[in-house]
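Asks: First to last, the protein sequences are chains A and B.
Residue 61 in this note's numbering sits at position 61 of the first sequence, with consecutive numbering throughout.
Residue 299 in this note's numbering sits at position 144 of the second sequence, with consecutive numbering throughout.
What you were told as hints is all true, and nothing was included just to trick you.
Here are the simulated DSS-like pairs of lysine-lysine, each with C-alpha atoms no more than 27 Å apart in a straight line:
id	chain 1	residue 1	chain 2	residue 2
1	A	K57	A	K127
2	B	K373	A	K57
3	A	K97	A	K57
4	A	K97	A	K127
5	B	K373	A	K97
Which chain B residues face chain A? A few, computed with CB under 10 Å, are given here:
id	residue
6	L163
7	S212
8	D216
9	N281
10	L284
11	A359
12	S367
13	E372
14	T389
15	D391
Source of the hints: derived by calculation from the structure; they are not laboratory data.
All values derive from a computational prediction rather than experimental measurement.
The beta carbon of each residue, even a glycine, is placed where N, CA and C say it ideally should be.
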Amino acid sequence: MLQRLITPHPRLRSINRLLWALWLFATPCMAELRQFDLTLQHHLFSPSTLYIPAGEKVRIRLINLDDSPEEFESFALNREKVVLGQSEAVVFIGPVKPGEYAFSGEYNPDTARGMIVALPPEQFAQKQAAITPASSEVKTATPPDPLTSEVSDAD
Amino acid sequence: MLINAVVLWLRETLPLLLLLSVLLAVWPAQQRKIVSVGIGGGALLVLLMSTQLRVISAWFDGQGLEIIYSLLYVCCALLLALAVYWRSDAQRLSVAMPQATHHPLQRSAMMSALALLCLCGIHGHNLMLYLWVYPHAQAEHTNLWLGSALGAGIGGSVAVLLYVAALEGARWWRYWPWVLLSMLAARQCAAAVAIWLQTGWLDAHEVLWDSSAWIDEKSEYGNFLNALMGYEATPDPTLVAVQISSFVAMLWCCRQLEIRS
Numbered sequence: 001m002l003q004r005l006i007t008p009h010p011r012l013r014s015i016n017r018l019l020w021a022l023w024l025f026a027t028p029c030m031a032e033l034r035q036f037d038l039t040l041q042h043h044l045f046s047p048s049t050l051y052i053p054a055g056e057k058v059r060i061r062l063i064n065l066d067d068s069p070e071e072f073e074s075f076a077l078n079r080e081k082v083v084l085g086q087s088e089a090v091v092f093i094g095p096v097k098p099g100e101y102a103f104s105g106e107y108n109p110d111t112a113r114g115m116i117v118a119l120p121p122e123q124f125a126q127k128q129a130a131i132t133p134a135s136s137e138v139k140t141a142t143p144p145d146p147l148t149s150e151v152s153d154a155d
Numbered sequence: 156m157l158i159n160a161v162v163l164w165l166r167e168t169l170p171l172l173l174l175l176s177v178l179l180a181v182w183p184a185q186q187r188k189i190v191s192v193g194i195g196g197g198a199l200l201v202l203l204m205s206t207q208l209r210v211i212s213a214w215f216d217g218q219g220l221e222i223i224y225s226l227l228y229v230c231c232a233l234l235l236a237l238a239v240y241w242r243s244d245a246q247r248l249s250v251a252m253p254q255a256t257h258h259p260l261q262r263s264a265m266m267s268a269l270a271l272l273c274l275c276g277i278h279g280h281n282l283m284l285y286l287w288v289y290p291h292a293q294a295e296h297t298n299l300w301l302g303s304a305l306g307a308g309i310g311g312s313v314a315v316l317l318y319v320a321a322l323e324g325a326r327w328w329r330y331w332p333w334v335l336l337s338m339l340a341a342r343q344c345a346a347a348v349a350i351w352l353q354t355g356w357l358d359a360h361e362v363l364w365d366s367s368a369w370i371d372e373k374s375e376y377g378n379f380l381n382a383l384m385g386y387e388a389t390p391d392p393t394l395v396a397v398q399i400s401s402f403v404a405m406l407w408c409c410r411q412l413e414i415r416s
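The shape of chain B in the complex, shown without the other chains (with noise of 0.2 Å):
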């Protein structure tokens, strides 16, 4: 139970902690908001799908769950791809009207409050099935409350080497915490199509390669370059094409930032 707890937690925690923590570095004058609206508002979130649980896991022929999941990693991607080009507009805005910048970063801010919005409520609902909605035996308790802390723990200890990396990074490549960001919205598409491969609305193909052999993704490695990027030991063509063409796309989208200012 205890070393089940630290695995699940650790497994739905980790992409939440490592998205926020590059948006806390991409956007250092806006933290307080992205870390109240994107983590407050995904609790809202979560409260307001459990309550309706049953009733959204009936729609669809029993796929309900996966469609609002498939939707919020989408929405994720695009905010994160707003967030962006708001961003971009405030670099604009800073060499003409540098009074004029601060709309733009505050709706950058908040596109990106929201994309954490939606990773919260999809990971959040995980947790929360787990933790309240399963059974657990009375001697359990005490297992499940600590190897949670512990999971909770080593995913925030990765989160905040991930944002020490990427503030660090940005001091020798400026573009460093852009292409960390461009891989985490990568990351969501993928989780996207990986869930309309599961659901039958994409059909699946072979796997292209086999590299469990150097990183399983049971692994730490494999667990943690899977929250950073959606890396899967036996991918499906169409989720290597998505994942390429979404990480070039937001690639592009920042490279607009360097384009505008």
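Same shape as in the complex, but just chain A (with noise of 0.2 Å):
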């Protein structure tokens, strides 16, 4: 029983590589995407509300700055995610409609709460120009570690 299931099929090889192909393929990709922070500290989300480019995939980076892990969720968007503590994880969003999308984080889903703006590109521009260099939205050039970083008390 053991045998048949280890030795490979000749179509079990070939995709096997073609997987392989595409995980290559894919990684490139994903350099290029527009990628967005959502921090969590003492159980809330900062920013409550992301805005992000409806009709395009992105990247969203979550930082979770508490000691106790928690799982971010979004029914409307489909996703899933335990973030430990002291960490940081990567969820892909998109491409979506214009539109509101919630989130919260499962274990404290009072308090661990927001939303996801999805606007048309136009709209989104415009969000862009209107933003202040000191904000952290969009991130295209990496960003300085946050959890190696001296975090500000006043925050």
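Fit the two chains together into the complex; they arrive one by one in their own frames, and the hints show the way.
Replies: Okay, here's the thing in structure tokens:
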């Protein structure tokens, strides 16, 4: 039985090669996606409303600054991801239609909640133009790691 | 905290209990083996994963846990298909060599138990995270365990109802338990695809429809249908395609039972 399970069938070998090729092809594509940061601290998401462009796949980096784990969950977006304490995780979203998509922390649904708002490209571009340089909604360059950098007490 | 614990337990235990109930209905003579290997082995797997949680989570750019979960979902579906295949072997042998049916039946039951073990690893691990890794305040412990008991009780009740429905349904339509098993196998494949969409390994597309106005995913019916057949109110086309094709493939495997008997 074990022999039959581990001996690769010729068709399985070609499927295996195809999967590896897809993975290698997909990896460079992922690097060009827009990235947005969503920080969790004291069981509160920041920003509570995150604006993303509609019709485009985006990458959301979940940063958990609390010591306890949290499960990022969004029924509207079909996403569910556990983020351990003092760590970060990545979730891919989209392309989605313009609209509002609620998300929450499953372990603290009363406090850890927010909304992802997908804007049409023109509105998103206007929103981007209105964002101050200090804001961290969009990062195209690699951001400093908040887990290793000093966190201000004022936060 | 109480309601949260009930909901969380229900969401995590319902898929596991529904699979267990259908397996017990389909393999009545091997129930003890299925429960001991599936649940016992699953508990060991959960312990193993919990001790290496940080290490696993750091794999593949923070997506290690998702990889493990998706592999377990796929293994669960494949093991269910193997279980049906060996069951059909036993069916074929029962005609020609009745004395030789013992081993294929045992193998088929073992495959179904291993499928249960895979699912137990996923949902048990999620529960472990919530119950033990997440630091609950002392005052919340009573509500936590009460909610857990309620959630497990509700899930168990639904599973018992499904078990009875599977047995009673088989009296009216003998394919009914196999249809249930096919839906459960398709659900595992859909869950794996959902993870791959989330991690970006598969490209997501715009959803096919939005049926949340009819059956909300967060409602009781939505939770039940999600646990049974992977219902999503806003499904991705890839998800729907995989669900349908895996359901049909599993039904084909089950059909072999009929042909070989």
